[in-house]
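Going down the list, the sequences are from chains A and B.
The numbers in the numbering used here rise by one with no breaks, and the one at position 77 of the first sequence is 77.
The numbers in the numbering used here rise by one with no breaks, and the one at position 58 of the second sequence is 1058.
These are calculated hints, taken from the structure and not from any lab test.
All C-beta atoms, glycine included, are put in the ideal place defined by N, C-alpha and C.
Fair warning: there could be bad hints in the mix.
[Unchecked claim] Selected chain B positions facing chain A (in silico; Cβ < 10 angstroms): (1) 1033; (2) 1109; (3) 1113.
[To be verified] Below, in silico cross-link-like pairs of lysine-lysine (BS3-like), each with a Cα-Cα straight-line distance of 27 angstroms or less: (4) A/81 - A/105; (5) A/57 - A/108; (6) A/105 - A/57; (7) A/68 - A/105; (8) B/1009 - A/57; (9) A/57 - A/68; (10) A/81 - B/1014; (11) A/108 - A/68; (12) B/1014 - A/108.
[What the hints assert, rightly or not] Computed far set for chain B versus chain A, every beta-carbon distance over 10 angstroms: (13) 1013; (14) 1018; (15) 1043; (16) 1050; (17) 1063; (18) 1068; (19) 1080; (20) 1084; (21) 1086; (22) 1103; (23) 1105; (24) 1114.
So you can see what is in the structure, the chains are spelled out below.
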Amino acid sequence: GQNIDQPTEMTATEGAIVQINCTYQTSGFNGLFWYQQHAGEAPTFLSYNVLDGLEEKGRFSSFLSRSKGYSYLLLKELQMKDSASYLCAVRRYSGAGSYQLTFGKGTKLSVIP
Amino acid sequence: NAGVTQTPKFQVLKTGQSMTLQCAQDMNHEYMSWYRQDPGMGLRLIHYSVGAGITDQGEVPNGYNVSRSTTEDFPLRLLSAAPSQTSVYFCASSPLEGAFIPDEQFFGPGTRLTVL
C-alpha cells in the first residue's frame, strides 16, 4: 500500500518563509505533486517533481529526495492569500499507461499579519 | 473552454436512493477520475478511467459504479445511498501524456452530497 504523511496544520507570518514537509512510502513511484486548495474550492496544481532536486516556480519551490521518500514545498514572501490547504500527492504507475494518484491528508496553512 | 464541469453542485438524498453525479470535460483528456474528500481523510480515489470504454477501481470503490462511453463524460453512480457516502465529490481529468510528464489533474468544482 501507500502511506503519505504531512503535518495537519501550520501557521506562519505574512512576508515570511514556510516549509511544508511530506514523507511517503510507495512502490512504482512516478512523481510527486503539490496542490493548493482554498476552503470550499477545488484543488489546483502547484508543482511536480519526478527527479531528485529542487523545482522553482516564482515564490513556490518543491524539493524531492526519492531515496528518502521525502519532499517539501517552500513558500516565500508569504501573502494572506496563501492561506489554504496544501496537498502532497504521489503518482504510481500501474502499467499499460495507467496510473493512480494518492493524496496525503493535506496541511492547512494559516498566514497571519 | 469550460474545463471540467460537475452537476449538481449540491444534493441531498435519503438512505437507499440512487443517483448519478455528472462530470464532463472539453479538453480531450484521456484520463478521468473521481475522488471523495472527507474532513481529516484527504482526497481518496474512487474510480478512474484511461480512455473511453476503460475503467478501474481506486481506493474506495464500494457503493459506486462508473462508465466511460465517451472521452468527454465520466458519470459516477451511487447505487443505494448510505450516510457514509456523505462527502464532497471531485471529478478530475488529465492528458495522460507519459510516465515522466506532469500530466497535472484539472479538478471540477465539486458536488456536495448529503445522505440522510
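- Given pair status - residue 57 of chain A, residue 105 of chain A, alpha carbons within 27 angstroms: OK: residue 105 of chain A and residue 57 of chain A at ~24 angstroms, within 27 angstroms.
- Item | Claimed clearance of chain A by residue 1086 of chain B, with the beta carbon kept past 10 angstroms | holds, 16 angstroms
- Taking the shortest Cβ-to-Cβ distance between residue 1018 of chain B and chain A, state whether it exceeds 10 angstroms. holds, 25 angstroms
- Message: According to the definition I'm using, a residue is off the interface if its beta carbon is farther than 10 angstroms from all beta carbons of the partner; does residue 1050 of chain B meet that for chain A?
- Response: violated, 5 angstroms
- Task: Confirm or reject the statement that residue 1013 of chain B sits farther than 10 angstroms, beta carbon to beta carbon, from all of chain A.
- Result: holds, 21 angstroms
- Item | Distance rule for residue 1103 of chain B, whose beta carbon must clear each one in chain A by more than 10 angstroms | Given that some Cβ of chain A is not farther than 10 angstroms from that of residue 1103 of chain B, nearest at about 8 angstroms, it is violated.
- Message: Holds or violated: residue 1014 of chain B and residue 108 of chain A, Cα atoms, limit 27 angstroms.
- Response: violated, 32 angstroms
- Please work out if residue 108 of chain A and residue 68 of chain A have their alpha carbons no farther apart than 27 angstroms. Holds, at about 24 angstroms.
- Given as non-interface: residue 1084 of chain B, which should sit over 10 angstroms from chain A by C-beta: holds, 18 angstroms
- Query: Does residue 105 of chain A lie within 27 angstroms of residue 81 of chain A when you go C-alpha to C-alpha?
  - Reply: holds, 21 angstroms
- Query: Does residue 1033 of chain B meet its interface restraint, that is, does its C-beta lie within less than 10 angstroms of any C-beta in chain A?
  - Reply: holds, 7 angstroms
- Is residue 81 of chain A within 27 angstroms of residue 1014 of chain B, Cα to Cα? Status violated; Cα separation ~38 angstroms.
When each numbered hint is compared with the structure, violations occur for hints 3, 8, 10, 12, 15, 16, 22, 23.
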